[in-house]
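For the record, in the sequence shown the residue sitting at position 60 is 123 according to the numbering used here, with numbers rising by one throughout.
Honestly, the hints are just simulated from the structure, not real lab data. Note that the coordinates shown come from a computational prediction; the quantities given were computed from them, not determined experimentally. C-beta: ideal position from N, C-alpha, C; glycine also. There may be inaccurate statements among the hints.
[Claimed, not checked] Computed list of lysine-lysine pairs in DSSO-like fashion (alpha-carbon distance at most 30 Å, straight line): (1) K126 / K249; (2) K182 / K244; (3) K84 / K269; (4) K77 / K198; (5) K283 / K302; (6) K233 / K260; (7) K123 / K79; (8) K277 / K123; (9) K254 / K179; (10) K113 / K246; (11) K269 / K233; (12) K136 / K208; (13) K193 / K283; (14) K117 / K208; (15) K233 / K249; (16) K123 / K254; (17) K271 / K244; (18) K116 / K134; (19) K273 / K287; (20) K198 / K283; (21) K94 / K235; (22) K84 / K244; (23) K94 / K246; (24) K134 / K155; (25) K237 / K249; (26) K273 / K214; (27) K134 / K198; (28) K235 / K155; (29) K235 / K249; (30) K208 / K268; (31) K227 / K198; (32) K134 / K179.
[Stated by the list, open to error] Label pairs and their calculated CB-CB ranges: (33) K252 / N203: 22 to 32 Å; (34) K172 / K244: 34 to 44 Å; (35) K299 / D137: 47 to 57 Å; (36) K136 / Y231: 21 to 31 Å.
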Amino acid sequence: MIIPKKSLGQNFLKDKNIINKINNIINFNNKTIVEIGPGLGFLTEKIIKKNPKKFIIIEKDEKLYDLLNDKFKDYKNITIINDDIFNYNFNKLNNALIVSNLPYNISRKLIIKLIKLNKNIDEMIFMIQKELSEKFNYNNGRMNKYKFLIKLFSEYQIYFDVSKNVFYPKPKVKSSVVGFKLKKVKINKNKLELFIKTIFTNNRKKIKNKINIKNNNLIKLKDKRIDELNIDDLFKVYKFF
Numbered sequence: 064m065i066i067p068k069k070s071l072g073q074n075f076l077k078d079k080n081i082i083n084k085i086n087n088i089i090n091f092n093n094k095t096i097v098e099i100g101p102g103l104g105f106l107t108e109k110i111i112k113k114n115p116k117k118f119i120i121i122e123k124d125e126k127l128y129d130l131l132n133d134k135f136k137d138y139k140n141i142t143i144i145n146d147d148i149f150n151y152n153f154n155k156l157n158n159a160l161i162v163s164n165l166p167y168n169i170s171r172k173l174i175i176k177l178i179k180l181n182k183n184i185d186e187m188i189f190m191i192q193k194e195l196s197e198k199f200n201y202n203n204g205r206m207n208k209y210k211f212l213i214k215l216f217s218e219y220q221i222y223f224d225v226s227k228n229v230f231y232p233k234p235k236v237k238s239s240v241v242g243f244k245l246k247k248v249k250i251n252k253n254k255l256e257l258f259i260k261t262i263f264t265n266n267r268k269k270i271k272n273k274i275n276i277k278n279n280n281l282i283k284l285k286d287k288r289i290d291e292l293n294i295d296d297l298f299k300v301y302k303f304f
C-alpha cells in the first residue's frame, strides 16, 4: 500500500468525475503531454486512452515510480522519469502541454518558472490551491507581480473549483483547476527583472516615487500606488518603462 508523503505534498485525487473533467480539457492535437507527479496514475490512465503523440510522466517518489512503471509497462508511447521536476530540462520539448495535480508547496515557484518557457510549452493545466488561483487572476483584486507575469506570458483561466473531499488524504483547503495558454512573446529579460524589482518593491509607494514619469499617457497614473492599478494600467507603465 502506498502511503502519501506529507514531505512531498502528496494528496491523491480519487474522484473519477473530476479526473474525467480534467482529461476533457486537455487538447491532444499534436501535443507532447507531460504529466507531473501522477501519483497512483488515475489521470494517466485516461490520458493514455487518448493515444497522445508523445507522453512523458515525471515522478519524484521512487515507490510511485516503480508502481507506475509496472502499471504502464505495456504501453510504448509513454516515458516514465524518476526525478525532481525542477531538474527536468523542458528546453528539449516542443508543443508541450503540461498537466498536474501540483503539490501546494511547489505550485507558485514551478508555475512562474514554466510560464517563461513559452518556446517549448504551449499550454498548462494544473490543480492548485484555490487561494493561489485567485492570486493569479489578473482581472480581480489587488495587483501583484504574479498577476503581471501571468498576464505577460499567458492567457489565464480558472476552469472550476474542487472540493477538498475528493482527495486522499483530505487537504485543509479547496482547490481549483486552472489553465495557462502561453503567448509566443519575446521578452527583454533585463528590462523585465528591473521592472519587477523597481515596481513591486514597497507597493505602498506611489508610481512617481518609483520611476520618472515623462510620458503623457502615464500622467494620470503617477499618484497611484501599484496595488491601485488594474492590469491594463500596469502594462502601460511597463511599456514606457
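Against the structure, the hints come out as follows:
1. K126 / K249: violated (41 Å)
2. K182 / K244: The hint holds at about 12 Å.
3. K84 / K269: Distance of about 44 Å is beyond 30 Å: violated.
4. K77 / K198: With a Cα-Cα distance of about 26 Å, the restraint between K77 and K198 holds, given a limit of 30 Å.
5. K283 / K302: holds (15 Å)
6. K233 / K260: violated (38 Å)
7. K123 / K79: Measuring from Cα to Cα gives roughly 24 Å; hence the hint holds.
8. K277 / K123: violated (51 Å)
9. K254 / K179: holds (14 Å)
10. K113 / K246: holds (26 Å)
11. K269 / K233: With Cα atoms ~43 Å apart, K269 and K233 exceed 30 Å; violated.
12. K136 / K208: violated (43 Å)
13. K193 / K283: violated (34 Å)
14. K117 / K208: violated (34 Å)
15. K233 / K249: Violated, at roughly 41 Å.
16. K123 / K254: Given that 30 Å is the threshold and the Cα spacing comes to 35 Å, the pair is violated.
17. K271 / K244: violated (33 Å)
18. K116 / K134: holds (20 Å)
19. K273 / K287: Holds, because 11 Å separates the two Cα atoms, which is no more than 30 Å.
20. K198 / K283: Roughly 26 Å separates the two Cα atoms, so the pair holds.
21. K94 / K235: This hinted pair is violated, its Cα atoms lying about 34 Å apart.
22. K84 / K244: Roughly 18 Å between the alpha carbons, so the hint for K84 and K244 holds.
23. K94 / K246: holds (16 Å)
24. K134 / K155: Holds. K134 to K155 sits at ~26 Å (cutoff 30 Å).
25. K237 / K249: Violated. K237 to K249 sits at ~35 Å, over the 30 Å cutoff.
26. K273 / K214: holds (22 Å)
27. K134 / K198: Distance ~37 Å between K134 and K198 Cα, so the pair is violated.
28. K235 / K155: Between K235 and K155 the Cα gap is close to 37 Å, so the pair fails against 30 Å, i.e. violated.
29. K235 / K249: violated (39 Å)
30. K208 / K268: holds (15 Å)
31. K227 / K198: holds (19 Å)
32. K134 / K179: Outside the cut-off at roughly 33 Å; violated.
33. K252 / N203: 22 to 32 Å: Holds: the Cβ-Cβ distance is about 28 Å, inside 22 to 32 Å.
34. K172 / K244: 34 to 44 Å: violated (21 Å)
35. K299 / D137: 47 to 57 Å: holds (55 Å)
36. K136 / Y231: 21 to 31 Å: Given a distance of about 25 Å, which is inside 21 to 31 Å, the answer is holds.
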